[in-house]
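Q: Sequence:
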Amino acid sequence: MKMKLRVLLLILCVSADGLYEMNSVSGCSDTDGEDVLILDDEVVWYADFNKQKGVDSLPAFADHPGFEGKYEEAVANQQICRQNLKMARMAMKDFPKQCGKHKSSTTQSTCKEQKYTHSVGVNTGNISLIEI
7 MKMKLRVLLL ILCVSADGLY EMNSVSGCSD TDGEDVLILD DEVVWYADFN KQKGVDSLPA
67 FADHPGFEGK YEEAVANQQI CRQNLKMARM AMKDFPKQCG KHKSSTTQST CKEQKYTHSV
127 GVNTGNISLI EI
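Residue numbers (my numbering): 7 to 138.
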């Protein structure tokens with residue numbers, strides 16, 4: 007029985023090494039923002055813009071990497087995102103609206119003017135595989 011246990015432990019130790027996936031999501035709207043770091047589908051850090059600080063969401067027993075300057079970077083990213091959102095709105099204002107499928111080429115449909123009060127711009131990046 008001891009031999010089987012040792013073999014099992016050896017296999018578990020070998021299989022613990024591998025690749026990890028790190029993602030970063032940054033998004034904004036006129037009134038809100040989001041900046042999150044994700045490791046293997048788990049949030050490890052996020053910016054709390056209401057409390058004006060970054061939050062390390064790793065459990066206490068985990069090794070905590072340094073996130074120095076990450077909140078300031080998130081604030082700067084929000085400013086860039088809002089500027090990009092503003093430019094996208096200006097660029098898209100003259101595009102025709104699609105109102106649905108026309109039954110024939112002579113039939114024209116009328117569009118109702120729609121006002122959007124909450125637009126969102128999202129930037130995802132920093133997708134990488136890390137071998138440990």
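One should not assume that every hint holds.
[What the hints assert, rightly or not] Taking CB as the label site, the calculated pair distances span: (1) L64 / A97: 38 to 44 angstroms; (2) V61 / R88: 19 to 25 angstroms; (3) F67 / M28: 18 to 24 angstroms; (4) E27 / K57: 24 to 30 angstroms; (5) F101 / V49: 32 to 38 angstroms; (6) F67 / N90: 38 to 44 angstroms; (7) G72 / E27: 39 to 45 angstroms.
I should point out that these hints are in silico values taken from the structure, not numbers from a laboratory. C-beta atoms are modelled at their ideal positions from N, C-alpha and C, and glycine is treated no differently.
Q: Which numbered hints turn out to be false for this structure?
A: 7
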